[in-house]
Structures are given as structure tokens and as C-alpha cells.
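There are 2 protein chains.
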Amino acid sequence: MKLSTNPTTNKQYIVPDELDDSDGINRFLESNRSRKIIVVQGLGFVGAVMCLVCANAPGNNYAVIGIDLPDENTYWKIRTLNEGVFPLTAEDPKIEQFYREALRKNVFYATYDTYAYSVADVIIVDINLDVQKHSDPQMELLGYDVDLSGFKKAMMTIGDNCKESALVLVETTVPPGTCEKVVFPILTEKLKLRGLSAEKLLLGHSYERVMPGPQYIDSIQSFYRVYSGIDERSAIATEAFLRTIIRTDEYPLTRLGNTKATEMAKVLENSYRAMNIAFIVEWSRFAEEAGVNLYEVVRAIRMRPTHSNMMLPGVGVGGYCLTKDPLLASWSRQNFFGSDSALRQSEVAVAINDKMPEFAFRHFNLQFKQSLKSKSVLFLGVSYRGDVGDTRYAPAALLFDCFSSAEAKVTLHDPYVNFWEEKQLKVETNLDVALSCHPTVLIISAGHSLYKGAQFVDALLALPPLFLYDTLGMFSESELSTLQRTHTVKSLGRGDI
Amino acid sequence: MKLSTNPTTNKQYIVPDELDDSDGINRFLESNRSRKIIVVQGLGFVGAVMCLVCANAPGNNYAVIGIDLPDENTYWKIRTLNEGVFPLTAEDPKIEQFYREALRKNVFYATYDTYAYSVADVIIVDINLDVQKHSDPQMELLGYDVDLSGFKKAMMTIGDNCKESALVLVETTVPPGTCEKVVFPILTEKLKLRGLSAEKLLLGHSYERVMPGPQYIDSIQSFYRVYSGIDERSAIATEAFLRTIIRTDEYPLTRLGNTKATEMAKVLENSYRAMNIAFIVEWSRFAEEAGVNLYEVVRAIRMRPTHSNMMLPGVGVGGYCLTKDPLLASWSRQNFFGSDSALRQSEVAVAINDKMPEFAFRHFNLQFKQSLKSKSVLFLGVSYRGDVGDTRYAPAALLFDCFSSAEAKVTLHDPYVNFWEEKQLKVETNLDVALSCHPTVLIISAGHSLYKGAQFVDALLALPPLFLYDTLGMFSESELSTLQRTHTVKSLGRGDI
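Chains as they are written, first to last, in our numbering: chain U, 1 to 497; chain V, 1 to 497.
No lab work stands behind these hints, which were simulated from the structure alone.
Note that this is a predicted model, so its numbers are computed, not measured.
One or more hints might be untrue.
Which copy? The list can't say, so a pair holds if one copy fits it or any two copies do.
Said to hold, decoys possible - In the SDA-like style, the derived pairs of lysine to any residue whose C-alpha atoms are separated by at most 25 Å in a straight line are:
(1) Lys152 - Leu450
(2) Lys133 - Ser341
(3) Lys369 - Ser341
(4) Lys369 - Gln334
(5) Lys181 - Gly291
(6) Lys133 - Glu347
One chain only, chain U, in its complex shape:
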């Protein structure tokens, strides 16, 4: 018997052996006879919210079935969704509102049964495609693989079940070339094996730019979209569909020439961002070595319009996308298009970013100059980004590993996370409670707004002297001076401060 546990409520569900939910699906179809059926494959950070956006599309024309695998990690989500509890904690009030509305109208259902694909007019692919990195204990990136087998299996399941005229819309971030070289061949072959025509199939690609956070829904519904089709018919069908769910009046769609182009656009924009972060990460190490305050340098340079996008120093990059998308691109170049060259700059960017928490820790030690053994260390923030509750590949995790290896007693605070899945640790969400634990060292490890501004500075000033390490530049120069009257303050990337 396999159990699947909701990590927030600890409620447990028995994963069924018999994978038949046709009754549930049929009941849902019964009450949605006049609606088109959208199936969203994958109920993660993108898919779950994509379901809500489709179910609340203007015109009330869609009934949405979310589908995921019935395994220990995901089965609880399916059950929870049908029980009226949305599986993601999010700061966007629209999430709850859209979810309630979808349930009230009975236009949303979650399942694990692949039978759902057979009733779908539109199938949206929102599953993960991961990169397997190989790094040494110093977090030096030694190599990586892209394993397409899970993704291929998901495409086979669609091909084994879908209508011959379905629109399959891939939103997953994939190595450029995947729709042409993987998805389309699998779907057409499967349809042919079922004696169906592959002529009617519609295959589109349009990537999301989802940002979990206070504008979670808007990051899907009200944002620029790029799309393409495997052929002209598919591109037209994809556009027509996107027009019904995206605010295209304010955020016009952009059609690109082929699916490789849209696939490339997604990994290109994320590689660009990862590179720009890596660039300043590397220079902030140099600035520390040279005793230069990189914040003032970057602010001076940003006065030039051509340089206004330059980033500020920080502890590196986290999240699901920027840590792997540059590698997906480089892998594609070599494996799908036979180039003998990697995308060196994109690979170097990932390597630099991955190593930043370890540098930040070494740098901390140079300043702290004491053993960390049994010292009480409080981390403020475990998510990968300010004001979101997403902890995937957070730099804080690597920093945590460093402090743990040094046998520090680490406690955790995050206003948006009560359980740190990756570390299987409880997280305090109340800041006052967290601060009252008398830490010797306080690390600002995620850029939440709560860790910024006069009120927070006052709260810190009320604490007994401690070692304050700001890895993200949360304080202004004058706040740093104020804090230095009470505490030992170190701000990464500021040279002597």
C-alpha cells in the first residue's frame, strides 16, 4: 500500500491500485455537455494554475480536467484539488478566488486516469523536464544530462488516448527541437498505430512565463505570449485557443516561424537572465576581493541607458527555470542539432551561479573568524526569490548545507513557507518568534519585503549584538551604518562593509 501525504496538512491518502476514475470523469462530463474539454497534463506550479485560468476564461466555455500521475508525490494533489483545497500556498488572492469559482461552476476536476485524454479537445502539456546535474561537494558543475524518457512517456500516453483532432499545446520548457523531433513523431506514430489519421492532429507550442507570487494568475493571463505551430493549421488553432484564455487585447500574441523558434525563445530568455545574474555574481566576488562596494559601482553604471538592466549583487540564482534552462539549450545544440560546440556562456553562467552560495559561505567565514560549531544561526528566507513561497533550487538550500556541515544549529524563518520540502524541515513563519530565539548569526537568505525597511531595522536593533550577514543587499548604506552601531554587519558585494 502506497501513501501520498499532503506536506502542509499531513493528511494521508492511499494511492489506488486500480487506476480507474472513469466514473468521476464521466460525471464531470455529464454536467459540462455544452463545454469544450481542456485537459492539463501536470499539476505543478504551472499546470495547477493553468487549470484555474482556463476554467475561468471569459465566455465560460471550458471544462478543465487536471491530470497527474498517481504516485506518492502527486496523488495527494489530485485528491486535495477535488476536496476543495488548493495544493499551493500563494500570495495571490486571485488563486483562491479563481479556484472557488471553478468549483462553484463545477468546471474543474482533477484525476490520474488517462481516460481523460480521450475526451479532450485541447491537451495542455505542463509537466516537468529536468536536467540531471553532476556536481562535486564544492558545487563545481562537472557535467549534466537531459533525460527525455519521462517526457516521452507522457507524450506516448497522450498519443495512446487522444482524439485525432485534438490540439496538443506544449507549454513545458523543452530543449529547442523537441516538438519537431520528439513530440510530433510520437503522436503521429501512436495515432497511426491506433488506425487513426495523423493529418488532423494539431500541435502547438507556447511557453508560459509563470511567476509564483502575488501576480501568479496575471503572470499567465495578462502577459505577453509567443506561440507557434508544427504547421500552419496548428499555429492558427493555437492562436485561436490562446485568444480565449489570455488578455491578448493588452498583451498581443507574437507568432514565430516554427516550434524550434518558440522553444528557443523560452530557454534564450532564461539563459539571458541567468547569464546576467552570473555576471554580477562573479564580479561581486571580485569586488569583495578588491575591497570595492559593487552596489555603488553598478548604480553609477546604470545611469547609462544601454546598461540600465545591469543586476545588483546577490547570493546567486534559484528556482526551477534559471538553474537548468541554459543547460537544456546547450544540450539541444549538441544533441538535437549535432553541433560540436556547447553554449559555453550559458553553461558557465549555471556553473557560476551554482557555486555562489559556497562562495558566500567562504566569505562569511573570512569575516566571522570563529568556529560555527553549535552556534545558533537563523536563516531569514528559504524560498528562491523575494515574496514567493517556491523553494525549488533555492540558493538558501546550498547555504544551509554549508552551515550544517560546519555543525551550526540552524533555525529557519520564511513568511511564505511552513515546511521546507527539499530539506524536510519545519519553518517558522512568524518573524517575531524567529527573532526571539537569540541567534548568534542572522543570515538574510531570501529577498522578502518583510526583511526590508524601517520596521525590520528597528526589530533588528532591538536584538542583542549578533553577526548580521546580508547576502542580498536588503539594506541601504545608511541602514547598514545604523545597524553597525549594535551589530557586526556584513553585506555581500560591498567590499569593506
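Starting from the known structure of chain U, fit chain V onto it as the hints suggest.
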């Protein structure tokens, strides 16, 4: 007997054996008794124009002496400047205007005699500091050195001659740390050897952002400046001086904490630009391999405000700064600050950019599919950048080498260059003449405005069918279609076109 030749006029000058120009300098001083004396060290692309800006500063308080070495390469500049001919051809009409005005008022003089330093109130250092790259024939960057000996010698000459209270303002792009670790120790030691006090010396650093081109003067006079001093007195003196020559009302000065910070700011901003170019250069190779039009991809991505600075594809980067400044930075990190890490991303950027012309040539061959032997190839543009006449480290030079090696008969056009110094070749400046030579292949190799727009397209359409290779994206998609009716057209970075 050594001769120094003006490459534009071919006029030759005998380099004097006896290095005494004290009479010339004294006569100049005689007529400028009420003025402060500024000596500008170096009469290249920065120094020559810096002289003009200082000589034309509001208030008419400065008399400017430009000084350079009396060797074959530079002596003709000194003579030419005193004969009333400015040694740089520039598209900025203010250059000629400022030069005439300076001569009319007799507030500008050029010399080679180090005696000039002894009469200077302000010494501005505008000499070169080069990087020696080691590359193989495929333009793979194998390593590089920074040789400080020439720069150190120049500082010693200042220290041997300057007043003890002079303000020495370094504008040269240097490895961060140079003012502190090289300039200041040399100057103070030299002053002490002369029995003078080093206490009064003022040393500032403020980098220029000179852009040879139609806004040449404005790029000095009307642009943001960052400055610092080796100590508080020096910073104050530097600021006071800059206020008299820069339009600080519109372009406020920014003071940074120390000279390392301003030195770092300069190489950081150029590394940032080199990296962003290298990034898109590398992706344009990928796009070509994958058959993706990168122009449409980048345009789609740029709709995001966070990505608006993304560059468009091209043949790489040239010019004096972006090809070396990232290496100056990385060298400094390792040699001045003892880091065991290079600035990897900056080094990779230079390596990628350096190799781009060779890739562009390989890519050309894949499309052209014929032997280039004895084929007539016309290069449009030999400068490193659109609408400037500066050919230093132009990508066109490497592209030219590739075509020459393939035994093509290459002819050259550039509206701003009549003699290509690096290649010692004559360049046609009249476009009609250049186009009338019946080229088999026409390469757009620099982004001059002349190679853009309806009139140029019409001129191309009037030619017999040829192979047109646009390395810089000068044509719109519709222009490309039009051109394809007559010519075989290939535009780098557009995939199938």
C-alpha cells in the same frame, strides 16, 4: 634618420634626434600667462579630443599641451596638430570647430618634450594600456598577458618632471587597482627622489566614455562621469576640475569610494557589453544550426521590460575597448588581488566574440558552396562599428583574413575610411564606384547607415545577380524578400534565409 608618415596625406616628417622643444613650449606659455596649464599625455582617439574639450572649456581658463612619444607612429600627429590639421577624420563637425577655435585663441600646442610635464597644473593620462592575446589561426583565444611596462614608464616620466602639487588625472582604462598599486607608488617615489614632498600630489581617476563618431565631442563633454581620488583631497580636486570641463549640470558626476571602484566600473561596464554581445553571438550560431530566425525570437523577447536590452545578432565585437577590457579585469583579479579564479564569464565572452568572424566565414562557405579562388568579393565597411571611422580590432579584419586565405580578390568600401591602417590597404569611399566593380560576392561587414534603407536596396537591385551576405542584420524581412528576387541573399542569424 627615422621618418613618421601621415597615412592620410602621405606627408613625411623626420623624427628629431635632439628631443628639445623647450622653445616651442616656452613661446606657448608666454602667450598663456594667465591660464592654467593642462598637459594631456597621449594623442590617440581619446587624448587628441580631450585636448580640444579642455581648450574649449567655458571660462577660457586653460591652455592645453598635448604630448606624445616622438616615434615613427606618432610624431606626425604632433607636427600635424601644430600645422593646423587635426589627425583624426571624424564625422563630428564639432571636432573641426573646437580645433579651429583652440588654434585661433592659441590655447593648444602639441609636443614630444617631457619638459611640458614640469609646467602642468593638471596632467591627464590618456595613453593606451594593451592586452597581448595569444590565439591560434582559428582565432581560439589561448591566453593573454597584460604588459604594464609601457604604462609604468609613462608614469615615471610624469613623476620625473611634474610639479609636486600637480593634479594627475588617470583616464586610461586600467586593470582595477592600478592607481593604488602602480601609479601612486611610482609618483610618490619619484617625487621623493627629487627631494620633493609627495604630500601635495593629487591623484584622481575618472574614465572617459569616448565614442568616436558623430557625437565625438559630446561623448566627453556631455556624458555621465564617475570619478574618485586616491585620498579625500584628490577626490575634491578631481571633482573641481571635472566641473570645469564637463556639462555637470545635465550629466551629474558620481563619486565612488576609491580608485579601485572607478577603475572597476569602467571595465565592468565594457565587460557587460562584451558579454551581452557574446551571448547573442553564441546563440546566433545555435540559431543557424537549428534553422531559427533569431531576429524574430529576440524581438519577441524584448517585449519584456526586463529583457529590453537584449542585443540582436551580428558578426561580433570590435573596437579598442570591448575586445580587451574584460581581460584587463580578469587579469587584475588574479594578479593584483591574488584570486585563484579568473572572471570566467568575461574571458569566455572575449573568446566567443573573437571567434565570430571565423564562424561567419564558415557559415558563408556552407551557403556559397563554391571555391572563392579569384572570386571578386566586395566588403562594405571596415570600421568596427556603424558610422564611425575607427578600424581598431574591427571584426571585418578577421573576416578579411578568412577571405584572403581563400584567395578571393577582396575590394573594400567604407565612407569613413580611405586607408585601412591595420591592413595597409586603400579603401574606396564612394559607394557607387565600389558597387560598379561587379562583385560576385558582396559582404556587409560594418553597420554604417549608408548600407540601410530604400536607396541602398535600390542600388543593390540595379546590380547583376550576386551573392549578398549580410553579417549585421541591416535589412528588414521584406527587404530581404525583395533582394532575393535578384540576388542570392544570406543574412547571418536568420536561420533559413
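Q. Which numbered hints are broken by the structure, listed smallest first?
A. Structure breaks hint 1 only.
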